[in-house]
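Visitor: Residue numbers (my numbering): 5 to 340.
It cannot be assumed that every hint is accurate.
Derived SDA-like pairs (lysine to any residue); straight-line CA-CA distance at most 20 Å [to be verified]:
(1) 40 x 74
(2) 160 x 179
(3) 319 x 160
(4) 160 x 135
Quick list of simulated restraints, FRET-style, between CB atoms [said to hold, decoys possible]:
(5) 319 x 155: 43 to 51 Å
(6) 112 x 273: 18 to 26 Å
(7) 258 x 236: 28 to 36 Å
(8) 340 x 257: 24 to 32 Å
(9) 126 x 260: 36 to 44 Å
(10) 24 x 218: 23 to 31 Å
Don't read these hints as lab results, they were simulated from the structure. Where is the CB? At the ideal position from N, CA and C, for every residue including glycine.
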Amino acid sequence: MSLCSKPLRLAVIGAGRLNIATGSHLPAIKKLSSVKLVALCDIREDGVKEQALQYGVPYYTDYEEVLENKEIDAVDICTPDHVHCEQIIKAAKYGKHVFCEKPFAISMQEAAAIKDAIKANNVTFMSGHHMRFTTMCRNIREAITEGTIGNVVFGKVIYKGAFFPYEKNSLYYKKASGGQFVHNGPHYVDKLFYLMGQTKAETTFSRTKSVYADKNDSMETANFTSVMLKFPNGATGYVEQNLTILNPRGYPTKEDILIVGTKGVIQWNTLDNAPVVKYLNGKVFISDPRPMMDVSDDPYASELNHFAECVFKGKSPETDIELSYNVLDVCLRAIA
Numbered sequence: 005m006s007l008c009s010k011p012l013r014l015a016v017i018g019a020g021r022l023n024i025a026t027g028s029h030l031p032a033i034k035k036l037s038s039v040k041l042v043a044l045c046d047i048r049e050d051g052v053k054e055q056a057l058q059y060g061v062p063y064y065t066d067y068e069e070v071l072e073n074k075e076i077d078a079v080d081i082c083t084p085d086h087v088h089c090e091q092i093i094k095a096a097k098y099g100k101h102v103f104c105e106k107p108f109a110i111s112m113q114e115a116a117a118i119k120d121a122i123k124a125n126n127v128t129f130m131s132g133h134h135m136r137f138t139t140m141c142r143n144i145r146e147a148i149t150e151g152t153i154g155n156v157v158f159g160k161v162i163y164k165g166a167f168f169p170y171e172k173n174s175l176y177y178k179k180a181s182g183g184q185f186v187h188n189g190p191h192y193v194d195k196l197f198y199l200m201g202q203t204k205a206e207t208t209f210s211r212t213k214s215v216y217a218d219k220n221d222s223m224e225t226a227n228f229t230s231v232m233l234k235f236p237n238g239a240t241g242y243v244e245q246n247l248t249i250l251n252p253r254g255y256p257t258k259e260d261i262l263i264v265g266t267k268g269v270i271q272w273n274t275l276d277n278a279p280v281v282k283y284l285n286g287k288v289f290i291s292d293p294r295p296m297m298d299v300s301d302d303p304y305a306s307e308l309n310h311f312a313e314c315v316f317k318g319k320s321p322e323t324d325i326e327l328s329y330n331v332l333d334v335c336l337r338a339i340a
């Protein structure tokens, strides 16, 4: 995945413990020639030092020092959601390009401030929505754009799984965090946007519930959210995040996808890992030459490569500030 003679020099922020940075982003960066890991940063010195030794790069405990380093082109922000806004705006003011894990903000006020900072400082911004970069999503979208099922009129993404609690002192227990649909809901809203070929939607109806089997693990926010959407082209959509399923720890979660067109339907779910089922003109087709799951698939590498390409070519990423703003807007309206 080489884009030019000089790779994007990237610092990963929030790499001092087991999280998405250490578990997904750092291994993905190792696969890329378009991105060079040049620094790690975290307030937990013991943790970030260990990761820095493993990857052979310097580490920082002061974010400001990262931004002052002119040998760093961009930052990859994997910190807790509530500090994203401040960190993104600071990076933009220093002229650093920004990749930030979803959600990039936890309120529309924060989102608006980030949008202003990105535009004012003319830097590339991309929010991390890795699900649209999976082989499954790419191939379903390709089938749709080929006109296989005609014009898309309805789409549905449902996520079902058990809720496994955070550390007791985690902000995610508090209402101020935005809750589970702000933290993980953007994945499913963005996936529906991508499959439907849309970049914004109107929230027409939503419901939330709090159903915790163990009251000791209860949060101040809901663990079930459903939302109906209306897209600018008249199509409708449905997103559900259901964390009330009492699966044992380690039991696989399930995600259902349904896309309805004027000529047919595409269905798929992650648990069965079956081929896409297409209903065309009253007939069922269950074979598709395009693979839906690939063991070598690394959507984190794909999205970071896309980010680097956009920086080099000066183009807007798929999940740029405008789309990310609209995705967050849906999530916040759903829980309002």
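Visitor: So, for every hint listed, does it hold in this structure?
Guide: Status of the hints after comparison with the structure:
1. For the hint linking residue 40 to residue 74, the alpha-carbon distance of about 15 Å falls within 20 Å, and the restraint holds.
2. Pair hint residue 160 plus residue 179 does not hold up; C-alpha atoms about 27 Å apart against a cutoff of 20 Å.
3. Only pairs whose Cα atoms come within 20 Å are accepted, and residue 319 paired with residue 160 is rejected, the gap being roughly 30 Å.
4. Pair hint residue 160 plus residue 135 holds up; C-alpha atoms about 15 Å apart against a cutoff of 20 Å.
5. Remark: the range hint 43 to 51 Å for residue 319 to residue 155 is contradicted by a beta-carbon distance near 28 Å.
6. Under the hint 18 to 26 Å, the C-beta atoms of residue 112 and residue 273, about 32 Å apart, miss the expected range.
7. For the pair residue 258 and residue 236, the supplied restraint of 28 to 36 Å holds, since their beta-carbon distance comes to about 30 Å.
8. A hinted range of 24 to 32 Å holds for the C-beta pair residue 340 and residue 257, which are about 26 Å apart.
9. The hinted range of 36 to 44 Å is satisfied by residue 126 and residue 260, whose Cβ atoms lie roughly 41 Å apart.
10. For the pair residue 24 and residue 218, the beta carbons lie near 25 Å from each other, so the given range of 23 to 31 Å is met.
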